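S.K.: Line order of the protein sequences matches chains A and B.
Numbering-wise (numbering that gives the first Met the number 0), the first sequence opens with residue 0 and increments by one.
Numbering-wise (numbering that gives the first Met the number 0), the second sequence opens with residue 0 and increments by one.
I should point out that these hints are in silico values taken from the structure, not numbers from a laboratory.
Owing to the predicted nature of the structure, the values given are computational and were not obtained by experimental measurement.
Using N, Cα and C, we set each Cβ at its ideal position, and we do this for glycine too.
Do not take every clue at face value.
Straight-line C-alpha distance at most 35 Å; calculated DSBU-like pairs for lysine-lysine [what the hints assert, rightly or not]:
1. B:Lys834 with A:Lys58
2. A:Lys77 with B:Lys19
3. B:Lys291 with A:Lys58
Anything over 12 Å on all C-beta distances counts as not near chain B; from chain A, calculated [what the hints assert, rightly or not]:
4. Asp25
5. Ile32
6. Tyr44
7. Thr69
8. Ser72
9. Lys105
10. Val129
11. Thr149
Cβ pair distances, simulated, as ranges [as the list claims (entries may be wrong)]:
12. A:Cys128 with B:Glu129: 23 to 29 Å
13. B:Val84 with A:Gly113: 33 to 39 Å
14. A:Glu114 with B:Ser505: 21 to 27 Å
15. A:Tyr160 with B:Gly171: 28 to 34 Å
Residues per chain, in single letters:
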Amino acid sequence: MPKIKKKSSLKPDQIIKIQEICKSFDNDPGELINVLHKTQETFGYLPKDVQDVIASNLKISDGRVYGVVTFYSFFTMKPKGMHPIDVCTGTACYVRGAEKVVDEFKRLLNAKVGETTPDGKFSINCLRCVGACGLAPVVLVGDKVYGRVTPAGVKNILKEYQ
Amino acid sequence: MENTIKITIDGKVFETSPGKTILDVARANNITIPSLCYHPRTGVLNKCRACVVEIDGFKGLKESCGIPVQDGMVVKTTSEEIIEVRRMTVDFHLSNGEHNCLSCERNANCELQDMAYDLGIERPVFVNEETIVPIDDSSEGIIVDRNKCINCGRCVAACNDNVMHEVIDVGGRSIETKIIFNSDLPLGESTCVQCGECVQVCPVAALTFKNAKGKGQIWQLEKKETVCAYCGVGCKIDMYLKDNKWVYSMGTEREWEDQPNKGMLCVKGRFGFDFLDKEDRLKTPLIRKNGKLEPATWDEALDLVASKLTTIKEKHGPGAIGFFASARCNNEENYAMQRLARGVVGTNNMDHCARLCHSSTVAGLATTLGSGAMTNSMQEAHKSDVILITGANVTWAHPVFGGVIKRAVRKNGVKLIVVDPRSIDLAEIADVHLKQKPGTDTAWLMGLQHIIVKENWIDKAFIDERVEGWDEYVKSLDYFTPEKVEEITSIPKQDLYEAARLYATSGKGSIYYAMGITQHSKGVDNVRAIANLALITGNFGTEGTGVNPLRGQNNVQGACDMGALPNVFPGYQPVTDEQVREKFAKAWGIDPKSMDDKIGLPVTEMVNQAGDSIKAIYIMGENPMISDPNINHAREQFEKLDFMVVQDIFLTETAELADVVLPALAFAEKTGTYVNTERRVQISEKALNGPEGAKTDTFILAEVARRMGDASFPEDAAILHEEMRQITPAYHGITYKRLSETNGLRWPCPTEDHPGTPILHIGKFTRGKGLLTPIDWRPPSEIIDKEYPLWLTTGRLLEHYHTGSMTRKSKVLNGLVPNGKVEVNEEDAKEMGIKNGDMLKVTSRRGSITIEADVTDRVMGGVVFIPFHFAEAAANVLTNDTLDPVSKIPEFKVCAVKVEPAV
Chain A
0 MPKIKKKSSL KPDQIIKIQE ICKSFDNDPG ELINVLHKTQ ETFGYLPKDV
50 QDVIASNLKI SDGRVYGVVT FYSFFTMKPK GMHPIDVCTG TACYVRGAEK
100 VVDEFKRLLN AKVGETTPDG KFSINCLRCV GACGLAPVVL VGDKVYGRVT
150 PAGVKNILKE YQ
Chain B
0 MENTIKITID GKVFETSPGK TILDVARANN ITIPSLCYHP RTGVLNKCRA
50 CVVEIDGFKG LKESCGIPVQ DGMVVKTTSE EIIEVRRMTV DFHLSNGEHN
100 CLSCERNANC ELQDMAYDLG IERPVFVNEE TIVPIDDSSE GIIVDRNKCI
150 NCGRCVAACN DNVMHEVIDV GGRSIETKII FNSDLPLGES TCVQCGECVQ
200 VCPVAALTFK NAKGKGQIWQ LEKKETVCAY CGVGCKIDMY LKDNKWVYSM
250 GTEREWEDQP NKGMLCVKGR FGFDFLDKED RLKTPLIRKN GKLEPATWDE
300 ALDLVASKLT TIKEKHGPGA IGFFASARCN NEENYAMQRL ARGVVGTNNM
350 DHCARLCHSS TVAGLATTLG SGAMTNSMQE AHKSDVILIT GANVTWAHPV
400 FGGVIKRAVR KNGVKLIVVD PRSIDLAEIA DVHLKQKPGT DTAWLMGLQH
450 IIVKENWIDK AFIDERVEGW DEYVKSLDYF TPEKVEEITS IPKQDLYEAA
500 RLYATSGKGS IYYAMGITQH SKGVDNVRAI ANLALITGNF GTEGTGVNPL
550 RGQNNVQGAC DMGALPNVFP GYQPVTDEQV REKFAKAWGI DPKSMDDKIG
600 LPVTEMVNQA GDSIKAIYIM GENPMISDPN INHAREQFEK LDFMVVQDIF
650 LTETAELADV VLPALAFAEK TGTYVNTERR VQISEKALNG PEGAKTDTFI
700 LAEVARRMGD ASFPEDAAIL HEEMRQITPA YHGITYKRLS ETNGLRWPCP
750 TEDHPGTPIL HIGKFTRGKG LLTPIDWRPP SEIIDKEYPL WLTTGRLLEH
800 YHTGSMTRKS KVLNGLVPNG KVEVNEEDAK EMGIKNGDML KVTSRRGSIT
850 IEADVTDRVM GGVVFIPFHF AEAAANVLTN DTLDPVSKIP EFKVCAVKVE
900 PAV
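Based on the provided sequences and hints, a complete structural model is requested.
M.R.: Laid out in structure tokens, this is it:
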């Protein structure tokens, strides 16, 4: 398996942590998705250097890991904000105006979907159906759920975290 | 189990055998089913839906590429519904990206274009221009145009499953899905080695060869099948030519499963042939006049060679003349040269560069087993349970075979032991990697055997029945305790134990080795130690076992087989045997008494004797001024000669010293046979015309012979081959006719109905019983000390080949690696204050060179590595010309050097 010869930006203890995660799945390449889940849970995101450590431990190519990370929208290669904002754009939320809510978050934070604000405080993401369609449109900030959000209410939500 | 089954396709009944797919059977019977993702060499990918068919009893349309045929199956390959699916598939592909056929490299050679044509699609229904992305032009040899990509996945499968480079994958999702290199790097920055397998399988023009851009469309090109001129794998190449010029290479796909390379190539076979067409090819003979090489006519040059050789023979005797044949020339040429030496001049001073690579193998294995060639064949690797590789950087020196090994390990679960002072690519996937200090190979080899015998992991029955010499051998193992071996080699004893356990107890074990074992002053000991290891574990005579020396050049096996050696005629028939001499004398129409009855001098001795007993040397297709050890010494010696002839395709560093230079034709410019590393004799037909003025080597040799009085000396390759096989038992069954009807025959092949011999020593060794050899530890002849504190080892790069006379003239290959670098270990570099890219002066007791530093963890501490391809930083200025006492091989692989900043 080809190895890109470059210096990793990771610290030794971070590399050890990733190795431990891989080992907890027996370094089995078939467990790649689970390894990625667990690693993202630990590090918050999956930058290339992290992927390289996983690839070499599971003895698969870096391209294979990158391919899986970029296929599943759950995985992210950028760090999420301290307060990750997830706007549901599933069918019910969408017809009740979720897009306008997303636009308002984008306007107020001056960031695009998938991006994190430069101060690292917020990141905006869209997801599909959180199973609370009665409250549509739904917004999650971290674990907290907001229902029947209107574009005008976005400002108030953000205020809670300022 | 039934052997034939019947299947109905489009109303016609076909008989076939189980295991085939519907697509296989349809195509075998000229029924067209299109496929965009399926390719015979990348298998079923289930991506494109282009090959769908209707099958009675199956719900919905099914992909014919993946469905095995069953008896009584009824299949329809066209219907309105099928056409609609195909139309939509093609339509979607044409809708995305940019598919402009007008100036496309693949116009008239594109599987998408073919489908659009067959379906009558003029313009796509949808147009999605948002998907246009820039072309990736970052690599030396391959252009990536994702706008033409249809995400079929063939390149991904080819890269990951065929050549095993594991660079290409699929990234993103939905409309953003694309082919990626590593983590989406530009191709030129990725780990891609530019083998071009992805381009070969690409159905469209998403991946194309940069060197072929604008050089011709498929209908303007002529395809010729040749055997590659580089390493010993013997890859079959389809050369695409236009106006007598090489345009690009494809691995031969005709009967690909039966070809040595199974359709694959490496970067050299793919891109390394622009040298054929170089301006500086020799086009006219040259004669040295007043110290300068001046153009001359063929008659002048040949007359001069003949008269000079005749005079020297008359004055000093035939033994004053030496001949260097070539592992780069074909069998017929080597045969002709040794006939010139033995039959016309009357000397056995006949050798070639195999002296410098595998003479230790020939000497070591001939005495222990009876034959000095690979015992088994390359494609058996996946049938081994464990593979031991030592002194062979297979993925660089024999790249296509490197892929075979990787596949065996990664896909078939074969265990791998690598023993090498460098962290070569294969070490990354090895179960055990032992890093020995250079020059300590007998120690770890015998150390493994010490453990195997002690733990009783030997094959007792095999030893009792087929092996001799046990008692004395086993005593010599006493010295090599794991502690002693650790002290000598620096291999931790527990690692040595693990390697011994893996090799001896995993089942069928095969050993592959190359120059790292042979190029030592103890090369023969090393080889015998390897033979011992395989003998005590019973690893002979079955698939996936054996002792396999990897031969480094396209015809090094053939040159040895043809008797381009000082001690044997073709087929290893000894020159000292009177009956053999009589047989050859009769075939050549000469008096056996005119022949030399003693063993001649090897190349290394001929160089040393130059000016003394050797007065003239005739060199065909070799460049010892780069490839010999201690070049400064070699130059002094060549300058002492009365007369020197060099026959080559370029004015090499050696040719510059010659009195007469004769321009020869290169490999694709003539017909002849080549023998690959697994003893497979293959024919390579003439593909194109060489430069006007250059002649075939056989023509030149025959002309010299005729002018020296042998009027019947043949010049035609076919006649020479026929003459050779009549007097060479191992080749007797190998005719040109059979070679053109098969994909090569493996010697021994004693009769014309003999199928050839893929595995040697089945049931009985060629010499009868296998001989165990007691071996004592002897250190390398030069040891590091205060003044010269580092070990130097030398070898090949992937992108270059030997003295660079061909590869350094290739735009792509020289573009990839334009200059040589010395690999210095990271820790050593830190200590010496050396940074990557610094210019260094490397000095040994014999000379010094200036070379750029490559600071890396690839070499172990205390060792530096220099490739030997580069004349301006020639590793062989430094190397030690001490010889192995038996094989006369020089100690290229280890000497002592010092490294300092260049001023």
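S.K.: Given the hinted pair Lys834 (chain B) and Lys58 (chain A), is their alpha-carbon gap at most 35 Å?
M.R.: holds, 31 Å
S.K.: Against chain B, does Tyr44 (chain A) keep a CB gap of more than 12 Å to every residue?
M.R.: holds, 14 Å
S.K.: Check whether the Cα positions of Lys291 (chain B) and Lys58 (chain A) lie no farther apart than 35 Å.
M.R.: violated, 59 Å
S.K.: Would you assess whether Asp25 (chain A), listed as outside the interface, keeps its beta-carbon beyond 12 Å of every beta-carbon in chain B?
M.R.: Consistent with the label, Asp25 (chain A) stays out of reach of chain B, its closest Cβ about 16 Å off (over 12 Å).
S.K.: Beyond 12 Å on every Cβ pair: is that true for Val129 (chain A) relative to chain B?
M.R.: holds, 21 Å
S.K.: Checking a non-interface call: every C-beta of chain B should be farther than 12 Å from the C-beta of Lys105 (chain A). Is that right?
M.R.: holds, 20 Å
S.K.: Does Lys19 (chain B) sit within 35 Å of Lys77 (chain A), going by the straight-line distance between their CA atoms?
M.R.: violated, 47 Å
S.K.: Can we confirm that no CB of chain B comes within 12 Å of the CB of Thr69 (chain A)?
M.R.: Violated, because the least Cβ-Cβ distance between Thr69 (chain A) and chain B comes to about 5 Å, which does not exceed 12 Å.
S.K.: Minimum Cβ separation between Ser72 (chain A) and chain B greater than 12 Å?
M.R.: violated, 7 Å
S.K.: Using the Cβ atoms, figure out if Val84 (chain B) sits within 33 to 39 Å of Gly113 (chain A).
M.R.: Because 35 Å falls inside the window, the suggested range holds.
S.K.: Determine whether the non-interface label on Ile32 (chain A) survives the test: each CB of chain B must be over 12 Å from its CB.
M.R.: holds, 14 Å
S.K.: Note whether the CB distance of Tyr160 (chain A) and Gly171 (chain B) lies within 28 to 34 Å or breaks it.
M.R.: holds, 32 Å
Hint check: violations occur at hints 2, 3, 7, 8 and 14; the rest are consistent with the structure.
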